[in-house]
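A.B. asks: Protein chains in written order, with our numbering: chain A, 33 to 250; chain B, 33 to 250.
These are calculated hints, taken from the structure and not from any lab test. Computed from a predicted model, the values in this text were never measured in an experiment. Treat the hints loosely; a few may be bogus.
Quick partial rundown of chain B residues pointing at chain A, CB under 8 Å, derived from the structure [said to hold, decoys possible]:
(1) D89
(2) G155
(3) P236
According to the in silico footprint, chain A covers these stretches of chain B (three or more CB under 8 Å from chain A) [said to hold, decoys possible]:
(4) 50 to 57
(5) 77 to 87
(6) 131 to 144
(7) 214 to 228
Don't be surprised by glycine CBs; every beta carbon is placed ideally from N, CA and C.
Protein chains: 2
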Amino acid sequence: MIKHITQDDIKAMEQRERARLINSLSGFKSANLIGTQNASGITNLAIVSSVFHLGADPALIGMIIRPDTVPRDTLSNIKATGVYTINHVNSLIWQQAHQTSARYDESESEFEKVALTEQFEKGIDAPFVGESQAKFALELREIKPLEINGTVLVIGEITHIIVPDIALCKDGYIDIEALDTVAISGLDSYHTTERLGRLSYAKPNTKPQLLNIEGDVC
Amino acid sequence: MIKHITQDDIKAMEQRERARLINSLSGFKSANLIGTQNASGITNLAIVSSVFHLGADPALIGMIIRPDTVPRDTLSNIKATGVYTINHVNSLIWQQAHQTSARYDESESEFEKVALTEQFEKGIDAPFVGESQAKFALELREIKPLEINGTVLVIGEITHIIVPDIALCKDGYIDIEALDTVAISGLDSYHTTERLGRLSYAKPNTKPQLLNIEGDVC
């Protein structure tokens, strides 16, 4: 049976039920840990499912933060230092990653609380996650308030990428599935992936071809 | 071996290689088809990997569109009609979905070109994809230019949701994995998923519990 849910139905729903429903609709989401520190050097780690690609040249990443929920320390740290890291969540650390969303006091570091390893790199004033396989650092470019619902769009430029060379394909693609990166659906569901295939650039009068992920390309 | 890629390396890369690399970094992305029509009723369908959750109350979805690439008809249609649909790509239609990114003439409908079925619902002036299992209609709320790289953020409010009741869990979560919704990595890689688990709401002094996805919840 196909269910039709109207705008009135959505408005009438209990708040948590509506949050679970609407959060399921956008499709699979990225699972990333945002690493920051405040001016006193207290580190912070927060799982965020709203990281998205914004552009490759310059290399820009966007994320949505709701100032009144847990990543609030993340936002104030980014404002204070202008620097943050984004670390892929993988299938070995997904439960610890989820636990960073608990409301720890700002004097406590989530790294310690959930037992993940701080990794510092020279010249970057924000901690990476040692257990994460694909990670990168960013400099803050812009904080754009979205008046429509009180969230903010944080835009950063990528300054440093750390990735195992085995997953870096010759054509630039990173095989994030081989690195065990997970995806999120809804508010709380975590998923590993299985590749259907890579497809060639689409042109009007030809069918897309499957790219060979091994050998030639990777 | 761990590879470090610096900002200078990124800037020096060949354009398509950089696009593949940077597009891989945000993690898994949603795979959605945007259904629109112009004022003359010519329909359009475009795959977009930049759809993201913006808020549940009001129910808002964001997506990034680069006006100079293929979804340009999508943007002008949304501006003209104020209405669009978002349709999950699943493992039966992923190759057809990818093919919508070819540069078809604006007088041609991608529905016909890639052999997907237009589905119209009363009162909604945009086509759904018949073959998509989870889909919803939106009214345009805001088009926000992002000056930093010339992209635009399109914000819509969800007005109508169509989903099989078998995938709609009691607590509001939609089991999009059961609907075969796929994820994208990079520019051109498509993935099915396998659930690791759902986790309970995180609290500071307890470990998150695995939620039972069948029976009680679903």
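A.B. asks: Which numbered hints turn out to be false for this structure?
C.D. replies: Those not satisfied come down to hint 2.
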